[in-house]
Amino acid sequence: MSLEPLDSPDADVIPERTPEELEALLGDLVLARDDHLNAPGFVIRPDTVQETLSILKEQAGYDHLSLVTAQEYENRYESIYHLKKFDDPTQEVSVVVPADKDQPVSESGEAVFRTADWHEREAYDLVGIEYDDHPDLRRILLPQTWQGHPLSLDYDMNQPQIAALPAHVNPIQDHHRDDESDTMFLNIGPHHPATHGVLHLKTVLDGEQVVDIESDIGYLHRCEEQMAQSGTYRHQIMPYPDRWDYISAGLLNEWAYARAAEDLADIEVPEYAQVIRTMGAEMCRIAAHMLALATFALDVNGDFTATFMYAINDRERVQNLLEDLTGQRLMFNYFRLGGVVWDLPEPREEFFSKTRDFLDQLPGNIEEYHNLVTSNEIFQMRTIDTGILPPEVAKNYGATGPVLRGSGVDYDLRRDDPYGYYDELDWDVITEDGCDNYSRLLVRMQEVEESAKIIGQCVDLLEDWPEDERTIQANVPRTLRPDDDNEIYRAVEAAKGELGIYIRSDGTDKPARFKIRSPCFSNLQTLPEMANGEYIPDVIAALGSLDIVLGEVDR
Amino acid sequence: MADAPAQLFPEFIVDTFGLPGVLGEVVAALIAAFVVGNIVLAFTGVAGPWAKRKITAAFTDRIAVSRIGPFGLLIIPAAAVQLLAKELIVPEGVDRPTWDLAPIILPASALLGFAVIPMGQLGPVNLHLADPEVGLALVFAFASIASVSLVMAGYGSNNKYSMLGGLRAVAQNLAYEIPLIVTAMSVVIFAGTLEMSGIVAAQSETLFSVGGFDIPAWYALVNPFAFVLFLTANMAEIGRNPFDIPEAPTEIVAGYQTEYSSSYFVLFYLGEFVHIFLGGAILAVTFLGGAAGPGPESISFLWFVVKIWGFFLFTQWCRSALPRVRIDQLIEIGWKGMLVLSFANLVLTAVIVGGIA
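Sequence order for the protein chains is A and B.
Everything in the first sequence is counted per the working numbering, starting at 1 for the first residue and increasing by one.
Everything in the second sequence is counted per the working numbering, starting at 556 for the first residue and increasing by one.
Extracted from the complex, chain B is given alone in its bound form:
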């Protein structure tokens, strides 16, 4: 990306359709957000009812959905209809506005995060909604709103299992968000900017060349230690195995989502999946060179898709193979292990980068 940074998606729409003035910008922004939002939701739609089943089945020697449509793909609309057609059971004594808002806030917070993610180019279109100077800080801020939703669900459900799940969610997020962000700061030290496009651009330089191939300076290669730290903290942040403590099926039934059914349940599930993809997107941007990959710039979106689905696959692999840690062990790993390591990483990075400079 040696040239001038590509035009952002809303600006592209304004230019292409010649939309005038502030109103035009608003309309263009809405259209762009609609497109990006739907791309993410489409991932989720494929992942939830179909890919997750197929992947887990592959790990466990099963076949999973195969009857409806080719490779069972039509299970996606079937599941959508089925889930939406179910009765929404509202338990007695739930804290109404809280209980209703929680399943909306979770997917909303995760979707908001995608506003600043540079998702690469597809033809002439650069799928990047906004590129504020504080991009990286903003995406973490959006993603952490999710904990609020979990607490609301846990508190509002009038159910002890939900309450336990909600409390666990807070404890877990406190313990892991700090190492997550501190580790991300080491990337910021490398890149010298919080701007998402800047971080991606900084990784497009060549690290070294092997037999004519340029190995890019992805931070996963520059600082693998930080990458592993970030990956681990990210798993905890999005609450996947071995850190799926707030839900912990078989322990506290389903944690904060125990009392949710029908469309509210769908919203929660949706939110979780979008959150996984957002986690993958942040990982891709900060450590895996964003949407960069071999081939022309115009198909870089496909590489981005490959990266976030790769991360999704990784979460499913962990889900099939890894036991869950206990809540107190999780907190201990977070505060006594990850936090210390992430600060060590930050200081080391600062020293090295400062030394080179």
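Only chain A is shown next, with the shape it has when bound in the complex:
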């Protein structure tokens, strides 16, 4: 194991270039400036996307393509490439690519950032921009037979979507034989015990080894972006985030929306509410990671194992705390723009002592998991050196969260792009540099301990908070109407990674464009890298170690 850290943010501070320097670097490529609230934006010609992105990546160090947003205006289409640096995510830049209204064609950024593949497919699918030089421009969320692009302005919602049966590709064809090869095509999913939801993996096997694997997603697409666009900022959007990563990570998701909308509307959240948010969010993280551990044990052990039940048991205890706090077990709807909906439950002492009981018991339980799972030799045999995801590949795919940290990349928005109360508290970012299934699990298990540390500090803070300073919500206008044509992209560290929200306001009380950057979506894209050449059981383990939630992948 090399002692040299893969990334050392402290070693040399990444020089931040001013927008003007960047503009000079890009030179003639920049047609105009279109700054967003979070980052400078450069408008470029649609046929210079690769050139611009590679200059920004190679020469300016913007190595993280966080999100590709596509949208249609009255007079043009537009793709936005939201770039960041893994070493310092507060350094952001947006590349704005307008495309012709009648023939929206734009060059693909896939050659520079592998992650652009799926993001551009989604943009094509939902908005209708075509990407030149894209390796595989097909619909990704909707069926291949779908007529029209639902998020484009002239989309007719009442148009019947009738497709004749022969137009559908039948995934269960009679024969997959061909004379040349002796491989076998296997459908894993959409109904399969290990896909953690409705995911369809089109797998080509050579014996038991995977030659090719392709994820077919979209079974759980619920038009979350479109629904958010037809809701008002103040109240109607907040319930939706709970339904993205619904594995009890609700508060973390709500925070993503809250952060973007609060920055857009310039709302200052009271400190007391920030502490409550931080505590609640970390409880959600524990619950989510416990479920990840439980289901990973299912994937590797098979059937109902002790690990699964123990982890579910622990998750249940956090869940009870969250229920006390928010009044809900799954769809919390607890955050409000400018704070949280209500204060801690009364009597406060009871809530604190319950929380402390949980925190006291947790280290012992984690020890038990280590005895049962991570120190088991068969388990190590199964997970160490399987599902390898090298750090450079992970970055190229825009992987974030425990998946990226399991590949040794020290990247956590809670520390690197601080929000809430995190920068006031004492905790560590966990990384493991094994790059395998085992590392990803270890990262999650240690993050549970870090979360517990954070919760403990929050409880101490809340307990001593003066009674007359317990402001849970800022003064927020009844109807929020952010200024016309403001654009913002903000992300938080959710359970699975970087959960970002892009909002464009148009002066009304509803967003003109609401785009979700789902960490699972980007993480799932790495599956072929980990799976090809491995055995089926390792693919299942790798999928489990990615810890995807289809509700968030498909939105």
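Treat the hints with care, as some may be off.
Just a sample of chain A residues kept apart from chain B, beta carbon distances all over 10 Å, derived [to be verified]:
(1) A24
(2) L29
(3) T48
(4) K101
(5) D156
(6) M184
(7) D216
(8) N313
(9) G327
(10) E350
(11) G533
Covered by chain A, per the in silico footprint, the following chain B stretches (three or more residues, Cβ under 8 Å) [said to hold, decoys possible]:
(12) 587-598
(13) 633-647
(14) 865-872
(15) 878-889
Think of the hints as simulated: they come from the structure by calculation, not from any bench.
These numbers were taken from a predicted model, which means no experiment stands behind them.
Ideal placement from N, C-alpha and C gives every residue a C-beta, glycine not left out.
On the provided structure of chain A, position chain B as indicated by the hints.
Same frame as chain A, but now just chain B:
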């Protein structure tokens, strides 16, 4: 068992009821087989719908079936009715005779194995159907027919997951049956016979005495190394965790039994459970002194029950606690590890036994 070996069960029936001639022997044999078969099936009936749930629940901090009857015991008839009442779905394109025969062959092969198992005495009855000279070889032969059934199910189901499961079953059985039998051969060297009653009798001698208690010369105590080898290979042979690769739920759905429903599914499940008990029975006979135990000879059947249920409990413990190995790792352990160790054990045993003799 210093006295003359007890009368076999069919002979006992002939004598007791005075059945005459060859016909009488046939009738007696059928009655005896019926009784023994039902004892084994009763184990399975208790194990499948009830004990397995209760045991797993105990391992995982749950309660499991508790509503119907005392301790939820009436779930057994309820589950039987429910399972038999389900629709038998026959997928398109299955290879009919193969697909239908597979679920019959599996339980049949496992049940056949019990024909030569000495299950101990219950009162005057010695629950032992037959005691051929090649008893041990025969029981392994019967038990291995199970793989044929798995291949048939995998091939006949017209399903890729089933096919993968069937192929895995063959690979696994090849890799583990050889070490299993070679290890059993070391017992044969000790006992000097393949006869089941002979192997049991050889273990009834006293190994040494501690404070007046005679510790019997069970081969698990005489050669613990062989015992562990045999136990491991046995787990693979009966396809339980960590070697439940042919089924591998969460990987290949349910392996060879993916396409089976209703009564066919019951037959498969039944076959698997009988197979676990047969595995326990072979283990008990070869390494744990058969039905021997403290107390009078006439209750030795109870000790036998304790031993095979102990083995069942062990399989369930592994199921709750152990991860599954990967198919290539399993094959590697089998051919490169177990096979070598089992031959080493065989040679060592031969040398030691030969040296003493």
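Hint-by-hint comparison with the structure:
no.: 1; hint: A24; verdict: 55 Å, holds
no.: 2; hint: L29; verdict: 49 Å, holds
no.: 3; hint: T48; verdict: 47 Å, holds
no.: 4; hint: K101; verdict: 48 Å, holds
no.: 5; hint: D156; verdict: 40 Å, holds
no.: 6; hint: M184; verdict: 6 Å, violated
no.: 7; hint: D216; verdict: 17 Å, holds
no.: 8; hint: N313; verdict: 6 Å, violated
no.: 9; hint: G327; verdict: 27 Å, holds
no.: 10; hint: E350; verdict: 25 Å, holds
no.: 11; hint: G533; verdict: 13 Å, holds
no.: 12; hint: 587-598; verdict: violated (count 0)
no.: 13; hint: 633-647; verdict: violated (count 0)
no.: 14; hint: 865-872; verdict: violated (count 0)
no.: 15; hint: 878-889; verdict: holds (count 7)
The earlier numbered hints that this structure contradicts are 6, 8, 12, 13 and 14.
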